[in-house]
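K.L.:
Given next are the chains, with one letter for each unit.
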Amino acid sequence: MEVPISTAELLTTDGVPLKQSLKKAERKNKIRAFLLVFPLLLFIIVTFVMPIGDMLLRSVDDTQINTVFPNTFSEFKKWDKEKDELPPEEVYKALFEELAYGDKIQVGRALTRMNYSKSGWKSLIKNTSRAIKKAVKKNEFPDSYKDFLITANDKWADPTFWYAMGQMVNNQTPIYYYNAIDMTYDQDQNVIRQEENRRVYVQTWIKTLKVSVYVTFFCLVLGFPVAHLLANLPLRYSNLLMIFVLLPFWTSLLVRTTAWIVMLQQQGVINGILVWLGILNDDGRLSMVYNETGTLIAMTQILLPFMILPLYSVMRVIPKSHMRAAQNLGAKPATAFWKVYLPQTIPGMSAGGLLVFVLAIGYFITPELVGGKDGKLIGSWIAYHLKTTLNWGLCAALGAILLGVMLIFYWLYNKIVGIDNIKLG
Amino acid sequence: MSKLLKVFLIASFAVASFSAKAVTVASWGGAYTESQQKAYADTYTDPSSIQFENYNGGLGEVRAQVESGSVTWDLVDALPGDAITGCDEGLFEDITTEIAELSTPGPDGESMLEDMENNGLEYHSGWDCCVPQIFWTYVVFYDPDAFPGDKPSSMADFFDVEKFPGKRGIHTWATGIVEKAMVADGVKPSAVPTVLRDQTGALDRAFAKLDTIKDHIVFWSSGAKPLELVKSGEVVMSIAYNGRVGAANLAEGENFEYIWEGQVLDQEYLCLVAGAPNRDAAIDFMMHASTPEAQAEQAKYITYGPMRASGIPIIQAGEPWGPGGVDIMPHMPNTPERLKVSIVSDPQWWSDNGAEINERYSAWMGN
Chain A
-17 MEVPISTAEL
-7 LTTDGVPLKQ
3 SLKKAERKNK
13 IRAFLLVFPL
23 LLFIIVTFVM
33 PIGDMLLRSV
43 DDTQINTVFP
53 NTFSEFKKWD
63 KEKDELPPEE
73 VYKALFEELA
83 YGDKIQVGRA
93 LTRMNYSKSG
103 WKSLIKNTSR
113 AIKKAVKKNE
123 FPDSYKDFLI
133 TANDKWADPT
143 FWYAMGQMVN
153 NQTPIYYYNA
163 IDMTYDQDQN
173 VIRQEENRRV
183 YVQTWIKTLK
193 VSVYVTFFCL
203 VLGFPVAHLL
213 ANLPLRYSNL
223 LMIFVLLPFW
233 TSLLVRTTAW
243 IVMLQQQGVI
253 NGILVWLGIL
263 NDDGRLSMVY
273 NETGTLIAMT
283 QILLPFMILP
293 LYSVMRVIPK
303 SHMRAAQNLG
313 AKPATAFWKV
323 YLPQTIPGMS
333 AGGLLVFVLA
343 IGYFITPELV
353 GGKDGKLIGS
363 WIAYHLKTTL
373 NWGLCAALGA
383 ILLGVMLIFY
393 WLYNKIVGID
403 NIKLG
Chain B
5 MSKLLKVFLI
15 ASFAVASFSA
25 KAVTVASWGG
35 AYTESQQKAY
45 ADTYTDPSSI
55 QFENYNGGLG
65 EVRAQVESGS
75 VTWDLVDALP
85 GDAITGCDEG
95 LFEDITTEIA
105 ELSTPGPDGE
115 SMLEDMENNG
125 LEYHSGWDCC
135 VPQIFWTYVV
145 FYDPDAFPGD
155 KPSSMADFFD
165 VEKFPGKRGI
175 HTWATGIVEK
185 AMVADGVKPS
195 AVPTVLRDQT
205 GALDRAFAKL
215 DTIKDHIVFW
225 SSGAKPLELV
235 KSGEVVMSIA
245 YNGRVGAANL
255 AEGENFEYIW
265 EGQVLDQEYL
275 CLVAGAPNRD
285 AAIDFMMHAS
295 TPEAQAEQAK
305 YITYGPMRAS
315 GIPIIQAGEP
325 WGPGGVDIMP
335 HMPNTPERLK
345 VSIVSDPQWW
355 SDNGAEINER
365 YSAWMGN
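Line by line, the protein sequences are chains A and B.
Just so you know, we're using my numbering here: the first sequence kicks off at -17 and counts up by one.
Just so you know, we're using my numbering here: the second sequence kicks off at 5 and counts up by one.
Do not take every clue at face value.
Below, simulated DSS-like cross-link-like pairs (lysine-lysine); rule was C-alpha separation at most 25 angstroms, straight line [said to hold, decoys possible]:
#1 K192/B - K355/A
#2 K192/B - K213/B
#3 K218/B - K189/A
Hints in this document: simulated from the structure, not taken from any laboratory.
Being a predicted model, the structure only gives us computed values, none of them experimental.
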């Protein structure tokens, strides 16, 4: 006998289908939950997602200059470099008009940008503008705009300036990324390496990575025993020791940096003691600061707490009985440490390592002060372009690459160790 | 809410709204800002209406303020390159007419701009938005005790590590040092900017000269450092900002000697930020801070020279002008005889080429 299966939907007492009613109740909960996290979400969007998005946009954006010279650029694109050594008359005419009637401030902003593609644009455009405005005021329009501009400044007969203009005729450009790795365009927009004596970024990238890796390594080597001691001493001693770790952590960065200079310099405390003890003679004083050694020493000391604290909080909860049990079962202390204790500290090492590495890769004040000629890490260049040259496109590109490098490390870390393994306590 | 808390809240609002009316001046801090406070703000009709804030130079913050539309600074103490760029970009407001109408002329009726030209300066677009402050210079100094015999006296000596062995302190950016290298290579100081601008290969020449002392350099990046380096014996001579050396000599009893030859004079301006919240009050203060008298007054507190030529005679007539009855002219960078052996840095050229040269300089340092 067939059991009739009802195809009608289940209804609640007030006649609404059950499915719908449940959905409604669930939606209410969802909205409530969303409203609870909404402020945080908004905060993250405003303070984190938007600035990073803005940075990424800026690193390829070239619209400002394209709104100042739209006609010049569109005429420029028609120039056949094979046929004519200099651009055709129309380009000169468009440039003349756009300089004559353009907004002074917008032109000013554009020429800051033009100067990045070739040094000398700033004064070239400014001098030319002055001549053009004078002519327009007197209502004297030349027959040949080309001749007029070249008479105003003979650099307009120099094709290299025109080649450099080719870098900025599109609204979006990858040039800042190329510049950030010592590349540039040649006259036909092929990507080539920067002139040899201007290649600074690749070596700075390598130096930054090297310093960050070394600092992370030294922090781990020095921090591990300290954290271990802290975690295993009786509370009253470990609290005292903890203050020794935290006190420098709370001291001003500049004070600590300066203290290292006093310690390390050639006429400083350490060299003084070594000479006094007769280990060094007076001419053989070690140079431990104003070079990479100084950078590594100072940065390691400054970042050490960021390694010790996560390590300590992880080590504190590892039961002491584990090591005893391992030794009880016949393991030598070293084996027990290696096989039982160390694996349990990996979450702390990872957390500390990532923290120190991330902080180190963006460091620039300490290296500048103690690093001498080796003290310019990538952070210094970002600050320099942000403040001095106002080349925010290059800044953004350097920042984006830095972000990319971090993401690659994060990805590698996730592959090798697994991100769930990270633990701050 | 307790009564006390209410009173406190109201008071803090009152203070906040009061300080919002003050003209905010972003400057470099330290002894320099202190000298501005004493020479310009304290002599102003309403000293409490001027408030100094520290910044680290560069136009980054100004551009961020102007772009976002929330301008909090009224005036910025700017280097000439920044004055030019800021004025071109509209970050600073063009006040050409205000300057022409309101600035104090010199004693012979010359306008402020003419007064500056009398001091060896050339017009640049920074003059449209800014008023002059002081000359400061990159000067070489040393401790005479470090040289028992012959004392170094020229740029050639600074670059001669055989005649004067020992390390040299040099800053980590290119401005100033490129010019000095040219002087050491035999170019007449006054001709250096022209040679750099017009002669192809001039920069290569400067870098070749720098190569000769490369292994004997300690690089510094903050203004207090060169004094420490020389005092501790880490280097035997160093480039420094002359105001720092002057302060050490006058206030700390040091006995440093200068090598004036090849000093690189640079300018300092007070510029009006576009959209400044207290524009008119700020302009009034600018005009006060650029009178010859105010400029001369500043020399009492720091050894930077007035950018207006007519400031110098006021100091000379008033000697001893320095603290504690000391003559200040021996410490001033822009006396007529010193100007003859000085380079006046060309801000327009640096504004054009600075980024490229600094990259090259860094590449050179790192290799």
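K.L.:
What are the numbers of the hints the structure violates, in ascending order?
P.N.:
Going through the list in order, the structure violates hint 1 alone and respects the others.
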